[in-house]
Structure formats: structure tokens, C-alpha cells
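Student: Please model the complete structure; the sequences and the hints are all you need to start from.
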Amino acid sequence: TSFPIGDKTEDPLQMYLADIFTVQANVIGYPAISIPAGTDAQGLPMGLQVLGKPFGEADLLAFSKYIVAKESVNFLA
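Quick note: the sequence shown uses the working numbering, first residue 8, plus one each step.
Hints are not guaranteed to be accurate.
Claimed, not checked - Label pairs and their in silico Cβ distance ranges:
id, residue 1, residue 2, range
1, I27, G63, 18 to 28 Å
2, A76, E17, 32 to 42 Å
3, K72, N33, 16 to 26 Å
4, I42, D14, 19 to 29 Å
5, G63, T29, 14 to 24 Å
6, G13, D66, 30 to 40 Å
7, L68, I35, 16 to 26 Å
8, A76, P52, 16 to 26 Å
9, K77, D47, 17 to 27 Å
10, A32, Y73, 13 to 23 Å
11, A76, Q21, 28 to 38 Å
These are computed hints drawn from the structure, not numbers from a lab.
Cβ atoms here follow ideal geometry from the backbone N, Cα and C, with glycine treated the same way.
Tutor: Right under this line is the structure:
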């Protein structure tokens, strides 16, 4: 989940660690996308990061479109 706006801005290490799990796709060159996945108990947004196979952007976008279109999907249920 995200942290509130303004949190962790005083500590550069905490800011770096907050997104440590989002850079792998860029490092290895795989396509990736973040899909909104509801909110946590404090109302902060959560997301689902999905990685695709190399040059699999079309499949990744199709999968993401499918997930987002499923109105009945509730990641917090």
C-alpha cells in the first residue's frame, strides 16, 4: 500500500525502500503494469503489480484490461 503524502520525505533511505519492489521489471527489461486493487483499512490505495514475459506487452495489457473490467473483483473481500 502507499503511505500518506508527505510521509518518509525526511528520510531518503525510507523513500528508496518504499519502492524497492517496483524496480525489478525495469532492471530486467520485462513489461510491467500496476493495477488498482482497492484501499487498505486507512483508505490508502493499494495496487497489484503484474509482470509479463519479454515482449509480452499485448498479453499484459489484455490481462490487465480483463482484471479491471471485472467489477465483481474485490481484492479486499
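Student: All the hints need checking, so say for each whether the structure fits it.
Tutor: Verification of the hints:
1. I27 / G63: 18 to 28 Å: 24 Å, holds
2. A76 / E17: 32 to 42 Å: Once the Cβ atoms are compared, 40 Å apart, the range 32 to 42 Å for E17 and A76 holds.
3. K72 / N33: 16 to 26 Å: Check passed, 22 Å falls within 16 to 26 Å.
4. I42 / D14: 19 to 29 Å: Given range 19 to 29 Å: holds, Cβ gap about 23 Å.
5. G63 / T29: 14 to 24 Å: 18 Å, holds
6. G13 / D66: 30 to 40 Å: Cβ of G13 to Cβ of D66: about 38 Å, so the range 30 to 40 Å holds.
7. L68 / I35: 16 to 26 Å: 19 Å Cβ-Cβ, so the 16 to 26 Å window holds.
8. A76 / P52: 16 to 26 Å: For P52 against A76, whose Cβ atoms are near 19 Å apart, the range 16 to 26 Å holds.
9. K77 / D47: 17 to 27 Å: 20 Å, holds
10. A32 / Y73: 13 to 23 Å: 20 Å, holds
11. A76 / Q21: 28 to 38 Å: 36 Å, holds
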